[in-house]
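Take the given structure of chain A and dock chains B and C to it, following the hints.
What follows is the residue order along each chain.
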Amino acid sequence: MKNLMKTSVAALALTVGANAAAAEGNLVLYHWFEYMPQEVLDKFTAETGIEVTMDTYDSNEAMLASLKAGAIGTYDLAVPSDYMVSIMGSEGMLDTIADGELHNKGNIAPEWVDVSFDPGRQSSIPYQWGSTSFSVNRDVYAGEIQTTDILFNPPAELQGRINMLDSQGDVTALASLHLGIPQCSSDREQLKALNDLLQGAKAHWASFNSDTAKEVLVSGDAAAGMIYDGFNSKAREEGANVEYAFPTQGYIAWMDNVVLLKDAPNRDSALKFMDFLLEPENIAAITNYAAYNAGVTGVSEFLDPALAAQPEKNPHADAGNGVFIQVCDEATQAVYDQIWTNLKK
Amino acid sequence: MAAGAASGGSAVTDTYKDARTWLLLPAWLTLTILVAAPVFMMLIYSFLTKEFRGGVIWEFSLAAYDQFFFDRGLFGDDPAKIEWTYILIFWRSIWQAGAATILSLVIGFPTAYFIATRPEKSRPLWVFLITIPYWVNLLIRTVSMKFLLRDQGPLNDFLINIGLIDSPIHIVNTNFAVQLGLFYSYLPFMVLPIYAAVERYNFSLSEAAADLYATKATTLRRILLPAVKPGVIAGCILVFVPSMGSFLAPDLLGGAKNFMIGSLIEEQFKGNAGNWPFGAAASMILMSMVLVLLMFYARQQAKSEKAEG
Amino acid sequence: MATAKSAKFDIKAYRGFKAITLLCLFVLYAPLIVVTIYSFNASASLTNWEGVSFRWYVDVFTGPESGKFKTAALNSFIIAIAAATMATTLATLAATGMVRGGKFKLRSASFGLISLPLMVPEIVTAVATLIFFNAIGFDRGIMTILLAHTAFCVPFAYLPIAARMQGIEDSYEQAAMDLYANKRQAFTKILMPLMMPGIISGFILAFIVSLDDFIITNFVKGAGVETLPTAIFGSVKQGIKPNIMAISTMLLGLSVVMVTISYFVSKADNTK
Numbered sequence: 001m002k003n004l005m006k007t008s009v010a011a012l013a014l015t016v017g018a019n020a021a022a023a024e025g026n027l028v029l030y031h032w033f034e035y036m037p038q039e040v041l042d043k044f045t046a047e048t049g050i051e052v053t054m055d056t057y058d059s060n061e062a063m064l065a066s067l068k069a070g071a072i073g074t075y076d077l078a079v080p081s082d083y084m085v086s087i088m089g090s091e092g093m094l095d096t097i098a099d100g101e102l103h104n105k106g107n108i109a110p111e112w113v114d115v116s117f118d119p120g121r122q123s124s125i126p127y128q129w130g131s132t133s134f135s136v137n138r139d140v141y142a143g144e145i146q147t148t149d150i151l152f153n154p155p156a157e158l159q160g161r162i163n164m165l166d167s168q169g170d171v172t173a174l175a176s177l178h179l180g181i182p183q184c185s186s187d188r189e190q191l192k193a194l195n196d197l198l199q200g201a202k203a204h205w206a207s208f209n210s211d212t213a214k215e216v217l218v219s220g221d222a223a224a225g226m227i228y229d230g231f232n233s234k235a236r237e238e239g240a241n242v243e244y245a246f247p248t249q250g251y252i253a254w255m256d257n258v259v260l261l262k263d264a265p266n267r268d269s270a271l272k273f274m275d276f277l278l279e280p281e282n283i284a285a286i287t288n289y290a291a292y293n294a295g296v297t298g299v300s301e302f303l304d305p306a307l308a309a310q311p312e313k314n315p316h317a318d319a320g321n322g323v324f325i326q327v328c329d330e331a332t333q334a335v336y337d338q339i340w341t342n343l344k345k
Numbered sequence: 001m002a003a004g005a006a007s008g009g010s011a012v013t014d015t016y017k018d019a020r021t022w023l024l025l026p027a028w029l030t031l032t033i034l035v036a037a038p039v040f041m042m043l044i045y046s047f048l049t050k051e052f053r054g055g056v057i058w059e060f061s062l063a064a065y066d067q068f069f070f071d072r073g074l075f076g077d078d079p080a081k082i083e084w085t086y087i088l089i090f091w092r093s094i095w096q097a098g099a100a101t102i103l104s105l106v107i108g109f110p111t112a113y114f115i116a117t118r119p120e121k122s123r124p125l126w127v128f129l130i131t132i133p134y135w136v137n138l139l140i141r142t143v144s145m146k147f148l149l150r151d152q153g154p155l156n157d158f159l160i161n162i163g164l165i166d167s168p169i170h171i172v173n174t175n176f177a178v179q180l181g182l183f184y185s186y187l188p189f190m191v192l193p194i195y196a197a198v199e200r201y202n203f204s205l206s207e208a209a210a211d212l213y214a215t216k217a218t219t220l221r222r223i224l225l226p227a228v229k230p231g232v233i234a235g236c237i238l239v240f241v242p243s244m245g246s247f248l249a250p251d252l253l254g255g256a257k258n259f260m261i262g263s264l265i266e267e268q269f270k271g272n273a274g275n276w277p278f279g280a281a282a283s284m285i286l287m288s289m290v291l292v293l294l295m296f297y298a299r300q301q302a303k304s305e306k307a308e309g
Numbered sequence: 001m002a003t004a005k006s007a008k009f010d011i012k013a014y015r016g017f018k019a020i021t022l023l024c025l026f027v028l029y030a031p032l033i034v035v036t037i038y039s040f041n042a043s044a045s046l047t048n049w050e051g052v053s054f055r056w057y058v059d060v061f062t063g064p065e066s067g068k069f070k071t072a073a074l075n076s077f078i079i080a081i082a083a084a085t086m087a088t089t090l091a092t093l094a095a096t097g098m099v100r101g102g103k104f105k106l107r108s109a110s111f112g113l114i115s116l117p118l119m120v121p122e123i124v125t126a127v128a129t130l131i132f133f134n135a136i137g138f139d140r141g142i143m144t145i146l147l148a149h150t151a152f153c154v155p156f157a158y159l160p161i162a163a164r165m166q167g168i169e170d171s172y173e174q175a176a177m178d179l180y181a182n183k184r185q186a187f188t189k190i191l192m193p194l195m196m197p198g199i200i201s202g203f204i205l206a207f208i209v210s211l212d213d214f215i216i217t218n219f220v221k222g223a224g225v226e227t228l229p230t231a232i233f234g235s236v237k238q239g240i241k242p243n244i245m246a247i248s249t250m251l252l253g254l255s256v257v258m259v260t261i262s263y264f265v266s267k268a269d270n271t272k
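Chains A, B and C, in that order, give the protein sequences.
Count the first sequence with our numbering and you get residues 1 to 345, in order.
Count the second sequence with our numbering and you get residues 1 to 309, in order.
Count the third sequence with our numbering and you get residues 1 to 272, in order.
It is worth saying that the hints were derived from the structure and are not from the lab.
Do not rely on the hints blindly, as some may be mistaken.
Cut-off 27 angstroms, straight-line C-alpha distance, at most; resulting in silico cross-link-like pairs (DSSO-like, lysine-lysine) [said to hold, decoys possible]:
| # | chain 1 | residue 1 | chain 2 | residue 2 |
| --- | --- | --- | --- | --- |
| 1 | C | K183 | C | K103 |
| 2 | B | K121 | C | K183 |
| 3 | B | K229 | C | K12 |
Given the structure is predicted, the values throughout are model-derived calculations rather than measurements.
This is chain A alone, in the form it adopts within the complex:
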């Protein structure tokens, strides 16, 4: 008991000490979980003296909801995916970066400059890009996995042992690929089919969880699960015998972007951080950590050579196309929201 108390007192003393450190500036970052190595933040602080505070979220939608509920104006930067950049833009949540404000803007890889969700990169810079699909524990199921049937019409070995991402956009997009219908369909038959497909498949799913998408595969709680490509290579590193699938029906492609939020309390620090992330060496450190791909020129010399050879980075010849998630209009979205609620009821 005495020791415990000592520990607690020590904990308090330490926290007081930690907060006493004066900062030359602050930066408040709203970021995905497990997506930013602490060393990169420490390096930024060492270079600029700016202290970084980071909050994390587990889905684009959760981030948007939180900003809408009053958090806008308290964060400087967020890291939405492609489609969410468009949504945030239309919601007026993004600040415009004037010409010349970002010194390293020229480092953005040419193919990622004029992107549909932010033409000319007015408010965003590339963070990482990759794919979302699913992987299967090969100890449990040895059969064919390059098909979305694994999720929506699973073989007996996998039934009841599948984890889905708790993300409406990712699940409905993959289900649409499975059915071969557009993502923002207004065709009633297609929407009904989508609804029925998800209702039927739900019986085979164990859980909806994005945060533990990797953990459930590593621990064996799930035998198959939707997952991001880099997350899957981490799962393999942690000992799971999981194979990432590039289904013939297609898979989800995405790019996460660092955006400058409207009313950012530390706008200058935010721009400095964006410049910092456009340095090939820094963004490469993140790529090496997260095992995705950077959208900056000149990163290759800093990248871990093993990364390029990973199976998650090399779709097989029969793989379908990678498609970006689309933004639907309000009326169409209402139907998809209803389908999602039906699914989770």
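Below, chains B and C alone, put in the same frame as chain A:
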């Protein structure tokens, strides 16, 4: 805990009668501004128009309640039928919370009774033993439970090692796990009021019954239970109400696969749905249900006080 | 006499109740004990046991996430101390008004208002508070958490304080006033010292409720403001890690210490 304890009026004196208003003012103000006003604001929000992707438009609308009670099909233009989705979610919450309450009662009543019949000196120690885990963060308790129960967790390991089972029992991500988590979260709320009631119970009544050749079971059912009923009801309410609104247990132990009320409401503000008026309406409905339940309790309480004379 | 006594014991005892009580304690403690044991596991893996080690405790204070947890712990303690202090003050004054203020019309309404946070499910309070701060344009941050916690903690502080005050006869104060003490003196010199055990349990109760709160905090916290529960939630959502178990064990220790203090405070009082 002993919710009704301080409401009794017998010990009231008027020493500081003159200063009463000033003594109560800070609490009145704080709770009016920070609890009553927000609840009222929530009521207003439930009648506003939803803004696409979160927030409200200040226009009167019944859409939130309409969405709750009426099903207009996937596309919103079918003739209105009764919407079972949300009723089902509420029903599931009631069912899960009810199962957890019964589980708590089945375990909690004998425990409370056992403690209350210990020698007076050792009773506080027993109460202490029951309450300590409650002071550990709810989140941590729920997570610990999950850790213990998971397929590769210590419980399954243990059962496999002693040869009781061959393959792990799936507990996590089932309804039972949620019930177990709720039971675990709120058990002391069941034990304490029953304990208080049994402790006050006059055992000479049981003796009298025994003298009249009543069996132990009869004595328990006909004499003891009616006498400690208020404590039992209080315990049930104190377990049931927080269980209904919880979202940690369904989220962590249930795999977030099936909504309960708490997760449904949370989703409207922090998740995919972004429908504030609907979240506010669902909160209002939940709160109304709980208040009805509490009124029922208050009436029972008043009745039993009257009966005691 | 002896027969009567044994008969009485027979009537009180029901077979199996002791076993259920022990089962109950087992269920309550098993998960916590398991987590405590595993927090000393040398292995980074959750399933393998590789010997006793304090590495995860060291990790909590020096590891990559230590900064986050230190700030969160500091926030939690600051908020809990401030909210409990304010709630206890409000509750003590209110209890005096309610218990020593004579009967008045709004008495049951006042009691209803004070216990409102107990009657409304926590998720509803959380939603209402979020909507409220949003509607009045109050910037979310540590202040919003503090205000919400203060209000939420009032009934938890109030109940033990009022219960205690009802147990104290006002003859002490009357006697003091007969000896020419004024009301303020009677309150501060007589009632308050007698009330101390109640006030301390009220404070501890409020402190722990605030320290423990996740749902409301999660709804009203602002950018970059984490408390221990929200920080832990953020971590455990991605899976239970050994460092979380170490933190849990320390919090368990802290709670045990707090409850023990409150137990002995009330016990010391009973023996007086």
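Structure-based check of all given hints:
1. C:K183 x C:K103: OK: K183 (chain C) and K103 (chain C) at ~18 angstroms, within 27 angstroms.
2. B:K121 x C:K183: 38 angstroms, violated
3. B:K229 x C:K12: 17 angstroms, holds
Going down the numbered hints, you'll see the structure goes against just number 2.
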